[in-house]
Amino acid sequence: MDFIDVVIKYTPFFLPAAWMTLKITLLGIAFGLLIGLGTALMRISNNILLANVSRLYIFVIRGTPLLLQLFFFFYVLRQSLGLEAFSAAYLALAIHNGAYIAEIFRGAIQSIDRGQMEAARSIGMTYSRAMRRIILPQAFKRSIPPLGNQFIIALKDSSLASAITISEVLLQAQRLAAANYKMLEMLTIAAMFYLFYTSIFTWLVSWIERRLDVDSDKQRGLV
Amino acid sequence: MSYMIKVKNLEKSFGRLKVLKNVDLNVRESEVVVIIGASGSGKSTLLRCINFLEHPQVGTVEINGQLVDKNNEQEINKMRTQVGMVFQHFNLFPHKTVLENVMEGPTQVKGINKFEAKKLAQYYLEKVNLIDKKNAYPSMLSGGQKQRVAIARALAMEPSVMLFDEPTSALDPELVGEVLCVMKELAKEGMTMVIVTHEMGFAREVADRVIFMDDGLIVEEGIPEHIFDNPQNARSQEFLSAII
Chain A
1 MDFIDVVIKY TPFFLPAAWM TLKITLLGIA FGLLIGLGTA LMRISNNILL
51 ANVSRLYIFV IRGTPLLLQL FFFFYVLRQS LGLEAFSAAY LALAIHNGAY
101 IAEIFRGAIQ SIDRGQMEAA RSIGMTYSRA MRRIILPQAF KRSIPPLGNQ
151 FIIALKDSSL ASAITISEVL LQAQRLAAAN YKMLEMLTIA AMFYLFYTSI
201 FTWLVSWIER RLDVDSDKQR GLV
Chain B
1 MSYMIKVKNL EKSFGRLKVL KNVDLNVRES EVVVIIGASG SGKSTLLRCI
51 NFLEHPQVGT VEINGQLVDK NNEQEINKMR TQVGMVFQHF NLFPHKTVLE
101 NVMEGPTQVK GINKFEAKKL AQYYLEKVNL IDKKNAYPSM LSGGQKQRVA
151 IARALAMEPS VMLFDEPTSA LDPELVGEVL CVMKELAKEG MTMVIVTHEM
201 GFAREVADRV IFMDDGLIVE EGIPEHIFDN PQNARSQEFL SAII
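So the sequence lines, in the order shown, correspond to chains A and B. Sequential numbering from 1 applies to the first sequence in our numbering. Sequential numbering from 1 applies to the second sequence in our numbering.
None of these hints come from the bench; they were simulated from the model. Every value quoted in this text rests on a predicted model; they were computed, and no experiment measured them. Incorrect hints may have been included.
Within a straight-line C-alpha distance of at most 25 Å, the following computed SDA-like cross-link-like pairs (lysine to any residue) qualify [unchecked claim]: (1) B:K96 with A:R211; (2) B:K114 with A:Y127; (3) B:K110 with A:R114; (4) B:K70 with B:K188; (5) A:K156 with A:M117; (6) B:K114 with A:S128; (7) B:K96 with A:E118; (8) B:K184 with B:F115; (9) B:K96 with A:K9; (10) B:K114 with A:L136; (11) B:K184 with B:D215; (12) B:K134 with A:R211; (13) B:K96 with A:R142; (14) B:K110 with A:T126; (15) B:K96 with A:S159; (16) B:K18 with B:V219; (17) B:K110 with A:M117; (18) B:K78 with A:M117; (19) B:K78 with A:S128; (20) B:K118 with A:V205; (21) A:K9 with A:S206; (22) B:K96 with A:K156; (23) B:K188 with B:R28; (24) B:K70 with A:V53; (25) B:K96 with A:S206; (26) B:K114 with A:M131; (27) B:K18 with B:K78; (28) B:K8 with B:Q57; (29) B:K78 with A:K156; (30) B:K96 with A:P146; (31) B:K70 with A:K156; (32) B:K134 with A:L136; (33) B:K78 with A:K23.
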């Protein structure tokens with residue numbers, strides 16, 4: 001049996017694992033976005049306590065490996081909180097990505113011209129309404145390219161969940177290869193799934209970027 | 001006599017730099033006050049203290065007889081709905097169309113429904129002669145058009161006072177006229193206005209009173225003829241001879 005046949009034959013065996021990879025990645029990103037937004041808003045708030053809590057969180061999460069965080073959730077929190085391995089995996093991914101996403105949002109919010117906040121406040125808007133209506137929509141648009149990047153990193157990082165028994169794509173490749181001794185083919189299939197997902201993510205991100213693009217140079221035919 | 005704006009004893013420092021040193025300013029209803037002075041003299045800061053975009057360390061601000069507590073956010077927000085502000089760099093909301101920019105205040109702050117707010121916005125866009133641009137985004141407009149939209153956005157809140165912070169300083173020379181024209185129209189209709197500007201011809205024509213500031217103090221004030229033709233203060237003489 002040559003290479004292509006093996007790949008074709010074994011690809012269906014990866015489907016449940018591919019679904020698992022997608023699930024923990026999407027859940028990790030979704031909760032990561034919420035955590036990231038909350039953390040970014042805390043970080044730029046005038047409340048010193050909130051700002052410091054957010055600083056500490058980012059410091060700890062960015063300063064330790066994701067694998068350690070996964071182990072912490074799996075071996076420590078799983079018992080005390082009664083989590084399943086699956087929840088431990090996506091929660092660890094969410095909290096890990098939340099720290100990076102928070103910094104992406106913070107950078108984007110702070111890149112919006114001060115005059116925007118001043119103009120919104122000058123017509124009588126409260127801080128939070130000005131944030132919601134004026135600053136965040138602009139900041140969100142600016143954060144899409146780095147967020148897309150972060151989503152792709154999150155997708156690939158989900159492979160580390162194999163270390164806490166999650167049957168995702170990479171663990172499936174290892175398991176099948178252990179039985180059929182076809183490591184090259186199994187890794188190729190796994191790589192195909194990752195590339196498939198990253199293509200979709202990339203396409204999706206650029207689609208969103210185009211949708212939100214109401215005032216760019218390109219839109220005006222200047223590029 | 002009641003004043004539309006009553007600023008008393010204002011002091012503002014940025015760090016150790018004292019930008020306003022005990023400034024008093026009273027503006028009557030329908031009065032047009034133009035503030036001139038060298039850059040760094042505190043004129044923009046004074047304007048921004050009136051609606052608390054800068055918080056003064058000392059002093060009080062009364063708008064339309066209402067003393068504003070600078071520590072009370074709610075009171076400040078309420079006051080701001082009565083005080084329109086136009087900025088040097090327009091500060092239009094780039095993600096919203098011209099019409100949406102003007103509707104934003106009425107719908108979001110005053111709670112006016114979309115239909116009414118749209119009528120209101122269209123009325124003010126017509127006033128600044130930009131109704132045909134209502135569906136454009138700010139990035140498609142010239143500087144002069146942007147500033148006129150910004151004026152319409154402020155007017156749509158139906159304020160009792162308008163503050164202009166160097167409204168034409170960022171414009172190409174040929175676009176200054178259209179903005180000044182709208183402002184003259186407003187003055188004629190009796191809007192109370194405080195304007196920081198370097199347009200001396202405009203000041204002479206429109207101002208009821210010109211205030212000259214230097215180093216955080218009002219050093220001279222009076223009717224335009226007095227300030228421009230016969231300044232008494234040494235610093236105003238120096239400043240005016242340098243720019244006219």
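Now the hints, each set against the structure:
1. A distance of roughly 14 Å separates the Cα atoms of K96 of chain B and R211 of chain A; the hinted pair therefore holds under the 25 Å criterion.
2. Proposed proximity of K114 of chain B and Y127 of chain A is supported: the alpha carbons are some 22 Å apart, at most 25 Å.
3. Restraint check for K110 of chain B and R114 of chain A: the C-alpha separation of about 23 Å stays at or below 25 Å, so the hint holds.
4. As the CA atoms of K70 of chain B and K188 of chain B are separated by approximately 32 Å, the hinted pair breaks the 25 Å bound.
5. For the hint pairing K156 of chain A with M117 of chain A, the CA-to-CA distance comes to about 37 Å; that exceeds 25 Å, so the pair is violated.
6. Under the criterion of a C-alpha separation no larger than 25 Å, the hint pairing K114 of chain B with S128 of chain A is consistent with the structure, at around 21 Å.
7. With a C-alpha separation of about 16 Å, the suggested pairing of K96 of chain B with E118 of chain A holds against the 25 Å cut-off.
8. Between K184 of chain B and F115 of chain B the alpha-carbon distance is near 30 Å, which puts this suggested pair outside the 25 Å criterion.
9. Straight-line distance between C-alpha atoms of K96 of chain B and K9 of chain A comes to about 53 Å, which puts the hinted pair past the 25 Å bound.
10. Pair hint K114 of chain B plus L136 of chain A holds up; C-alpha atoms about 22 Å apart against a cutoff of 25 Å.
11. Annotation: proposed proximity of K184 of chain B to D215 of chain B is violated, straight-line Cα distance about 29 Å (limit 25 Å).
12. At most 25 Å may separate the alpha-carbon atoms for a hinted pair to count; K134 of chain B and R211 of chain A meet this at roughly 21 Å.
13. With a CA separation close to 15 Å, the supplied pair K96 of chain B and R142 of chain A stays within the 25 Å bound.
14. Taken as a hint, the K110 of chain B and T126 of chain A pair is honoured in the structure, with Cα atoms around 12 Å apart against an allowance of 25 Å.
15. With a CA separation close to 41 Å, the supplied pair K96 of chain B and S159 of chain A exceeds the 25 Å bound.
16. Of the pairs offered as hints, the one joining K18 of chain B and V219 of chain B holds, with about 16 Å between alpha carbons and a cut-off of 25 Å not exceeded.
17. For a cut-off of 25 Å, the pair hint linking K110 of chain B to M117 of chain A stands: about 18 Å separates their Cα positions.
18. Between K78 of chain B and M117 of chain A the CA atoms are separated by roughly 17 Å; this keeps the pair inside 25 Å, and the hint holds.
19. With a C-alpha separation of about 15 Å, the suggested pairing of K78 of chain B with S128 of chain A holds against the 25 Å cut-off.
20. Taking the CA atoms of K118 of chain B and V205 of chain A, the gap is about 34 Å. The hint is violated against a cut of 25 Å.
21. Restraint check for K9 of chain A and S206 of chain A: the C-alpha separation of about 33 Å exceeds 25 Å, so the hint is violated.
22. Between K96 of chain B and K156 of chain A the CA atoms are separated by roughly 37 Å; this puts the pair beyond 25 Å, and the hint is violated.
23. Between K188 of chain B and R28 of chain B the CA atoms are separated by roughly 15 Å; this keeps the pair inside 25 Å, and the hint holds.
24. Restraint check: the Cα-Cα separation between K70 of chain B and V53 of chain A comes to about 29 Å, which exceeds 25 Å; the hinted pair is violated.
25. Between K96 of chain B and S206 of chain A, the direct Cα distance comes to roughly 21 Å. Compliance with the 25 Å bound is thereby established for this hinted pair.
26. A C-alpha spacing of about 21 Å is found between K114 of chain B and M131 of chain A, which places the hinted pair at or below 25 Å, so the restraint holds.
27. For a cut-off of 25 Å, the pair hint linking K18 of chain B to K78 of chain B is broken: about 28 Å separates their Cα positions.
28. Distance check on the hinted pair: K8 of chain B and Q57 of chain B sit about 12 Å apart at the alpha-carbon level, within 25 Å; holds.
29. For the given pair, K78 of chain B sits about 50 Å from K156 of chain A by alpha-carbon distance, which is inconsistent with the 25 Å threshold.
30. The suggested pairing of K96 of chain B with P146 of chain A holds, with an alpha-carbon distance near 23 Å, which does not exceed 25 Å.
31. Restraint check for K70 of chain B and K156 of chain A: not satisfied, since their Cα atoms lie roughly 51 Å apart, outside the 25 Å limit.
32. Straight-line distance between C-alpha atoms of K134 of chain B and L136 of chain A comes to about 23 Å, which keeps the hinted pair within the 25 Å bound.
33. Straight-line distance between C-alpha atoms of K78 of chain B and K23 of chain A comes to about 48 Å, which puts the hinted pair past the 25 Å bound.
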